[in-house]
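Sequences and hints are given; from them, build the entire structure.
The chain contents come next:
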Amino acid sequence: MLLYTLQRLLQSVAVLFAVSIAVFLAVYSVGNPVDLLISPEATQAERAAMIAKMGLDQPVWAQYFTFLGNALQGDMGTSFVHGIPALQLILSRMPATFELVVLALLLASAIGIPIGLWVGLRDGSRGARMVMTSSILGYSIPSFWKGMVLILVFAVWLNWLPASGRGDTVLLLGVPFSFLTFDGLSHLAMPVINLAIPNLALMIRLTAAGASEAVHQDYVLFARAKGVRSKRIIRRHILRNILIPIITVLGVEFGALIAFSTITETVFAWPGMGKLLITSIYQLDRPVVVAYVMLITFIFVVVNLLVDFAYAALDPRVKLVENM
Amino acid sequence: MAAPNTRLDRDEIVAVRQPLTNTPQRRAMLGKLKRRPSVRNSLIALLVITLIGLCLPFFAQQDPYDLTSFSVMDNRMPPMSESFDGMVFWLGTDGQGRDMLSAILYGMRISLLVGLVSTALALIIGVSVGLVAAVLGGRIEALLMRLVDFVLGFPSILVALVLLAMIGRGVDKVILAIVMVQWANYARIMRSSALSERRKEYVEAAHNLGYSTGRVMFRHVMPNSLSAVLVLATVQIASAITLEATLSFLGVGVPVTEPSLGLLVANGFDYLMSGAYWISFYPGIALLILIFSLNLVGDRLRTALDPKRS
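Top line first, the protein sequences correspond to chains P and A. Here the first sequence is numbered in the working numbering, starting from 39 and rising by one per residue. Here the second sequence is numbered in the working numbering, starting from 60 and rising by one per residue.
Any given hint could turn out to be false.
Said to hold, decoys possible - Simulated coverage check for chain P against chain A, where a stretch passes if three residues somewhere in it have a Cβ under 8 Å from a Cβ of chain A:
{"no.": "1", "stretch": "96-107"}
{"no.": "2", "stretch": "147-156"}
{"no.": "3", "stretch": "171-178"}
{"no.": "4", "stretch": "186-192"}
{"no.": "5", "stretch": "294-305"}
It should be emphasised that the hints constitute simulated quantities derived from the structure, not laboratory data. Everything numeric in this text was worked out from a predicted model, so none of it was measured. Note that beta-carbon positions come from the ideal geometry of N, C-alpha and C, so glycine has one too.
Structure, rendered in structure tokens:
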């Protein structure tokens, strides 16, 4: 177990290392790094000073170690546009994105798991087949277009919900959140629904597949033979067993949704890190793009690590074995 | 069957090809597919849509990229309205006075082409990598599969977005980005089905006949482990089209001169608030039909080929 933990940690560090090399090569070696890293508005003297300061006249491997050393100290460069450290800029947008992602995941699982259970227990019935086909529709709708249709219906035609922005926020532990004010909730509604729909479809399909398989397992048959009421079988036996893969998928989805929220944030002008990424790409604000990639890789690595451990903790049958 | 090859004995061709064309497994598989009307129906629907997408631009009433064929006087006309010279805009016009229906037909072709080409390339690369990993084994397999895990560890949209942010927009670059994120899916599936095929007797027989490893790999193992790959490919075309549309919507995908459905939706976004919904609504519907039918076919194929169900 300890050896496995160490091995996984080492693997995670290796992934971060590989991504840092890839990002470094992408930024520093494709094209002219001077153009990429120094603002095009800089004067000739500023350019020369920057080149010397950033060590762009050094050999590539030396530059990489400077980059890595700075990154390890949390220095990912300064945003050209905002003039503040890129990492700090992204971290200031993080709560908005996390709020969106967490609420979307909660919504998707609160609706998706019961529906999936219902479908899985009635495998093959007309209603179940209809839900399954609609779930295909659910993950087929392009996210950006779905967001626009939501805006069209609820903001332009019905005028019920605001189309963009975050609304009033409340400071919670020094971090602004929208979900505690009515105005904030009305701004949250559409982006959260938009982000949650593909996930809802996934939750339904996952739970349904698990439930329809679990019904025929020996432990369910045994419980039934023992005379356990079917409600209790569903809650104590079936649900408990299928929750294990669901929770691990939820973990993985948390990371994926942070990436996918880029689209939703762009459509609804939600001031999160995804919107920041897109704006930075437009404005050629490379340090922010680089910092975003490194930060999200870090989040992914941590989430994957947690998911692996959660899996072992939840399912006593799973033994973490090191492989060489 | 192809004409007898001069370099090979005809009997040898028959001996080699027969297991591929007429195995009992293959017959059972096709039988299963034929017995399911839902598979047949969705396949037919898909074929019709693809044909429409690839051929109909020739029937479009105007060339949306020929600046002389439309007039800015006709801009933002609602669906079913008529132009100066009596042409009916079935789905309205965009901000430049372009007929939306024609633009959608052209856009669909670009979306389909990007989806099909990138899927084909990703499939070829992924299948080769998976096959090589399964057959060679050892350190090469471990290395390749680590790489696959690494690529699949990140959401496709993020990788493609950042990649395109670095290399710029363009149809070829979008295809490159999609291939970069998709090949690993095929490699993983191909490896696992090739590993299970490799233990079967016909592979041993082929080895004993003295065929080279490459020949056994590509002529025997690969064709027999393709069914899972093909199911995946159907769904992957859909996700390639979605990815392309999303990237184009975000402004890093295809260039403005070759607008796909995603870019059309993006162009209409600015007019949405003023109520000119049709400019982005209808291209999105076209996109949705395309993606939904592909996913539906993928789902039905998977159910039909699932060995656990009869």
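Check each numbered hint against the structure and report the violated ones by number, ascending.
1, 2
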